[in-house]
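J.: Using the hints, position chains B and C against chain A.
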Amino acid sequence: MSFDQILSVSGLRTYFYTYAGVVKAVDGIGLQVNKGETVGLVGESGSGKTVTAQSIMRVVPTPGKTVEGEIEFQGKNLLKLTESEMQHIRGKEIAYIPQDPTTTLDPVYSVGDQLAEVIMRHQPVSKKYAITKAIELLRNVGIADPQVRISQYPHELSGGTKQRIAIARALSCEPSLILADEPTTALDVTIQAQILELLTALKDKFNLAMVLITHDMGIVADTCDRVTVLYAGQVCETGTAEQVFGNPKHPYTEALLSSVPNLALRKKHLSVIPGNVPNLIQPPSGCRFHPRCSYARKVCIDKDPELESMGDGRIVHCHRWKELDLKSAVAS
Amino acid sequence: MNQEGTSQTAEPQSARPHGVSQWALAWRRLKKNKTAIAGLAIVGAFVVMAAFDRLVALYPPRCIVGLSPSCPSPDFVSNGPPTLTHPFGTNIDGYDVYSEIIYGTRAAFLIGLGATGLAILIAVIIGLAAGYFGGWMENLLMRVTEVFLVIPFFLLLLVFLQVALKFSQFSTGGIWIVVLVIGAFSWPGAARIIRGETLKVREFEFIAASRQIGASSWRILFRHLFPNVLHIVIVLLTLQIAASILTEAAVSFLGFGAPGSNTWGQQMYTSANFIADAWWATLFPALFVTVMVMGFNLLGNGLRDALDPRLRE
Amino acid sequence: MYLVPVFFGITLLVFTIERLAGDPVELYGALNPNITEQQRELLRKSLHLDQPIQVQYLSWLSDLLHLNLGSSFSGGSVATLIAQRIWATLELQLLGLTLSLMIAIPIGITSARKRYSALDVTITSTSLIGTSIPIFFLGVAAILIFGYHLHWFPSGGFQSTLPSQYPYGSLLLDQLWHLFLPATIYTFAILAPVVLLVRSSMLEVLRQDYILAAKASGLKDRTVIYKHGLRNALIPIVTYVGLYFGGLLAGAPVTETVFNWPGVGRMFVDYTTQLDFPVIQAIVVIITLMTLIANLITDVTYAYIDPRIRLE
Chain A
1 MSFDQILSVS GLRTYFYTYA GVVKAVDGIG LQVNKGETVG LVGESGSGKT VTAQSIMRVV
61 PTPGKTVEGE IEFQGKNLLK LTESEMQHIR GKEIAYIPQD PTTTLDPVYS VGDQLAEVIM
121 RHQPVSKKYA ITKAIELLRN VGIADPQVRI SQYPHELSGG TKQRIAIARA LSCEPSLILA
181 DEPTTALDVT IQAQILELLT ALKDKFNLAM VLITHDMGIV ADTCDRVTVL YAGQVCETGT
241 AEQVFGNPKH PYTEALLSSV PNLALRKKHL SVIPGNVPNL IQPPSGCRFH PRCSYARKVC
301 IDKDPELESM GDGRIVHCHR WKELDLKSAV AS
Chain B
1 MNQEGTSQTA EPQSARPHGV SQWALAWRRL KKNKTAIAGL AIVGAFVVMA AFDRLVALYP
61 PRCIVGLSPS CPSPDFVSNG PPTLTHPFGT NIDGYDVYSE IIYGTRAAFL IGLGATGLAI
121 LIAVIIGLAA GYFGGWMENL LMRVTEVFLV IPFFLLLLVF LQVALKFSQF STGGIWIVVL
181 VIGAFSWPGA ARIIRGETLK VREFEFIAAS RQIGASSWRI LFRHLFPNVL HIVIVLLTLQ
241 IAASILTEAA VSFLGFGAPG SNTWGQQMYT SANFIADAWW ATLFPALFVT VMVMGFNLLG
301 NGLRDALDPR LRE
Chain C
1 MYLVPVFFGI TLLVFTIERL AGDPVELYGA LNPNITEQQR ELLRKSLHLD QPIQVQYLSW
61 LSDLLHLNLG SSFSGGSVAT LIAQRIWATL ELQLLGLTLS LMIAIPIGIT SARKRYSALD
121 VTITSTSLIG TSIPIFFLGV AAILIFGYHL HWFPSGGFQS TLPSQYPYGS LLLDQLWHLF
181 LPATIYTFAI LAPVVLLVRS SMLEVLRQDY ILAAKASGLK DRTVIYKHGL RNALIPIVTY
241 VGLYFGGLLA GAPVTETVFN WPGVGRMFVD YTTQLDFPVI QAIVVIITLM TLIANLITDV
301 TYAYIDPRIR LE
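Chains as they are written, first to last, in our numbering: chain A, 1 to 332; chain B, 1 to 313; chain C, 1 to 312.
Chain A on its own, in the form it takes in the complex:
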């Protein structure tokens, strides 16, 4: 693990053992995050983004289980820690901002209660101190009248406010890594921009590393240093934002980029990726994208490609990346 690296995930496999079969939600994912950088984790619903984050935090809900992989964080393999040791990492070293702000706060406790309990869990401080700190946190995330808000209940607050509180909770113990799961998806468009701005500002201010999970390429372009594209539980490619956006090496990335509505390009019609999201209980053979890939060849059906490194952190998961000359629809 290089000096700058704060998180390194490799070979992660998390399966869900359901009545219908084994759902291979995450099947061989790798991810690298360096200190202070924002890595975007992009993919459609079902690509395994959330499950990856949950696996890192080791809060995968039953019937899920991480069956294989290595998650190195600050020199420790998280998958080998005891539950008690893991509890000291969660919320304190790595924080998770869940997807839906409306359901992420316990409805029967006040805002102050919920923030304070996290603070008191990780630091030996009094409740009074914790509440004071909580009020300050609310102010930092841009909530007006924090002293009033602190004793209010979640149902009295708007979605945007709740998301800010969730962010405040995540930052409350000064973690070094934040996993933000679609922080803006559940919000109004006008609030989305504010929240993103807030996140970026806070990240810069405290020099945090962040994994930003999203399906919105626009957000990735705006905020991320590096990007990992996921499809059906596997990585398609990884690289810096410029590299992936300007010079995609995986057909799925190319397709994603060309399906982004962009008035400036004045396209005649939106391209669509044909086909359906694959069934993760019985994924397609070989490369999981092959049924929808316009460049698929026989080898793609037979064999699962390797994760090949192009050097300097650029990684591709495709048989034909060397031969394909993919065009980015959004290259400037």
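Everything labelled a hint here was simulated from the structure, so no lab data went into it.
Watch out, some of these pointers could steer you wrong.
[Said to hold, decoys possible] Cross-link-like lysine-lysine pairs, in silico, DSS-like; alpha carbons within 25 Å at most:
#: 1; chain 1: A; residue 1: 80; chain 2: C; residue 2: 220
#: 2; chain 1: C; residue 1: 114; chain 2: A; residue 2: 65
#: 3; chain 1: A; residue 1: 65; chain 2: A; residue 2: 80
#: 4; chain 1: A; residue 1: 133; chain 2: C; residue 2: 220
#: 5; chain 1: A; residue 1: 92; chain 2: C; residue 2: 220
#: 6; chain 1: A; residue 1: 35; chain 2: A; residue 2: 92
#: 7; chain 1: A; residue 1: 92; chain 2: A; residue 2: 76
#: 8; chain 1: A; residue 1: 127; chain 2: C; residue 2: 114
#: 9; chain 1: A; residue 1: 76; chain 2: A; residue 2: 203
#: 10; chain 1: A; residue 1: 76; chain 2: C; residue 2: 220
#: 11; chain 1: A; residue 1: 80; chain 2: C; residue 2: 114
#: 12; chain 1: A; residue 1: 133; chain 2: C; residue 2: 114
#: 13; chain 1: A; residue 1: 322; chain 2: A; residue 2: 303
#: 14; chain 1: C; residue 1: 45; chain 2: A; residue 2: 65
#: 15; chain 1: A; residue 1: 133; chain 2: A; residue 2: 203
#: 16; chain 1: C; residue 1: 227; chain 2: A; residue 2: 128
[As the list claims (entries may be wrong)] Just the calculated beta-carbon pair ranges, DEER-fashion:
#: 17; chain 1: C; residue 1: 65; chain 2: B; residue 2: 125; range: 33 to 43 Å
#: 18; chain 1: B; residue 1: 48; chain 2: C; residue 2: 309; range: 45 to 55 Å
#: 19; chain 1: C; residue 1: 308; chain 2: A; residue 2: 83; range: 26 to 36 Å
All values derive from a computational prediction rather than experimental measurement.
Each residue gets a CB set at the ideal place from its N, CA and C atoms; glycine is no exception.
T.: What follows is chains B and C alone, placed relative to chain A:
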């Protein structure tokens, strides 16, 4: 991203997924549900017992073993313990307990189905009306239901039965009185639940669509609303059968039942005084009540899991 | 509050049902032929039977509101009769409910946390079966075994008839000895549905996002499950238990008959057999009132647990 872009018109029919009917789906889930299968097996066994009671029993009904001419057997034994000739022993009158229990099965079904039929009928009407029409009707119906729910109906049941059975002109009706009274008091709980479901279903778009194309309220109620609350009605029905049988057993056990009806509860009552010496005469009927109630309860719970549209895991 | 119209509705309903049956004195007289015509006249007067039905109802209602429960047909003040027995009923019911909750909640939580495990399956199936076992089966069987045959406990009653029978000469011990079996069996009898409810409520709650978020914040398991999980799960549990208690009270006649327990329920059976209407009416109203109070307590508790309700 992937775009499948056909818009869908709201269909003025029950919300069925295309292709597989809801019932076929439910049946499949039911088969997988162990509770439901167990319940069904138990109920099935009792149905057989009731249908072929003469064949399954050892002696003719109500015959005093050893004394009546129609009762072939060894000797008259009163309160005799279980033996080979009397697997569950005999009671104070000399009847074979096992046979009497078998003959009581039909009565149990009668009570279960009769009282439940009445109760659920009332509950459906009130629940649907309250849920669909809303306004003052809902208010009135729900207040009435609440009053009924708070009143200890079991107590009133005892009073009513005592009056009706002991000496009014209905005393020959016996078991029908019991059926009627239990049914008349058992609807509030179910009505409340049905109303809840109606409120949910009412919000479905196809109801609004129906109204827009001019369907009358009654039509909507029966053709659209009712089929969609049917799943919960079935569950309630099954559970109510269990409850009715249980109630009758309790009522008879206390001595308020119809004397000639020969239900299991009645059998318990006649033998209760001798329980110290002849526990079998009371306990075996009680056991059968337990098992039959259990059967319907298991079936009802299994049905609830199988038919609940939310529980898709 | 809406309690007032409900109370009126109840009294009206009880009164109506009772009068539908016929002339109370006639009915009573039919079962107790040894009362004289003179006594019948007296009883009729006391119930105002010579006056129109509204007057009868209203006079009863006003009596109730003045806490006058009248006199039994067979003599004796109803209020006194009830007062003598009510403690026994309350003792058994409250003890049963409290113990049942204390046991059911941990079991239900464990079952929910270890869903699909062998333990969970055992608990769930046992509880499902348990919901169907009527008290007259469980109770009678237990009394037979532990009371009559093993003689570990008395086979019924509230306390021994002679002080010489008290264990170690202590009245308290004697009462506890008599209370043990009924309380234990009763607790087991009502345990099953509560366990199932706790389990299903916890399962529903543990699936929620805020539980995952709490866990992801590093909170201890115990904190997540009990502080966040249980409090939210209690909401439907409290509602159900409130209603259930009403049902339990109504079932007191059976319970008390099975255990030969001298409470208001057993009293009801005795007096209903005689069709002694003043007593019957009074007991019905009292039990209804207790149910109403239970509902009220439920509502208050509910509002305490769930801040979303408080605003209403």
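J.: Confirm or reject each hint.
T.: So, going through the hints one by one against the coordinates:
no., hint, result
1, A:80 x C:220, "holds, 19 Å"
2, C:114 x A:65, "holds, 15 Å"
3, A:65 x A:80, "holds, 14 Å"
4, A:133 x C:220, "holds, 21 Å"
5, A:92 x C:220, "holds, 13 Å"
6, A:35 x A:92, "holds, 16 Å"
7, A:92 x A:76, "holds, 15 Å"
8, A:127 x C:114, "violated, 33 Å"
9, A:76 x A:203, "holds, 23 Å"
10, A:76 x C:220, "holds, 21 Å"
11, A:80 x C:114, "holds, 22 Å"
12, A:133 x C:114, "violated, 37 Å"
13, A:322 x A:303, "holds, 17 Å"
14, C:45 x A:65, "violated, 79 Å"
15, A:133 x A:203, "holds, 19 Å"
16, C:227 x A:128, "holds, 20 Å"
17, C:65 x B:125: 33 to 43 Å, "holds, 35 Å"
18, B:48 x C:309: 45 to 55 Å, "holds, 50 Å"
19, C:308 x A:83: 26 to 36 Å, "holds, 32 Å"
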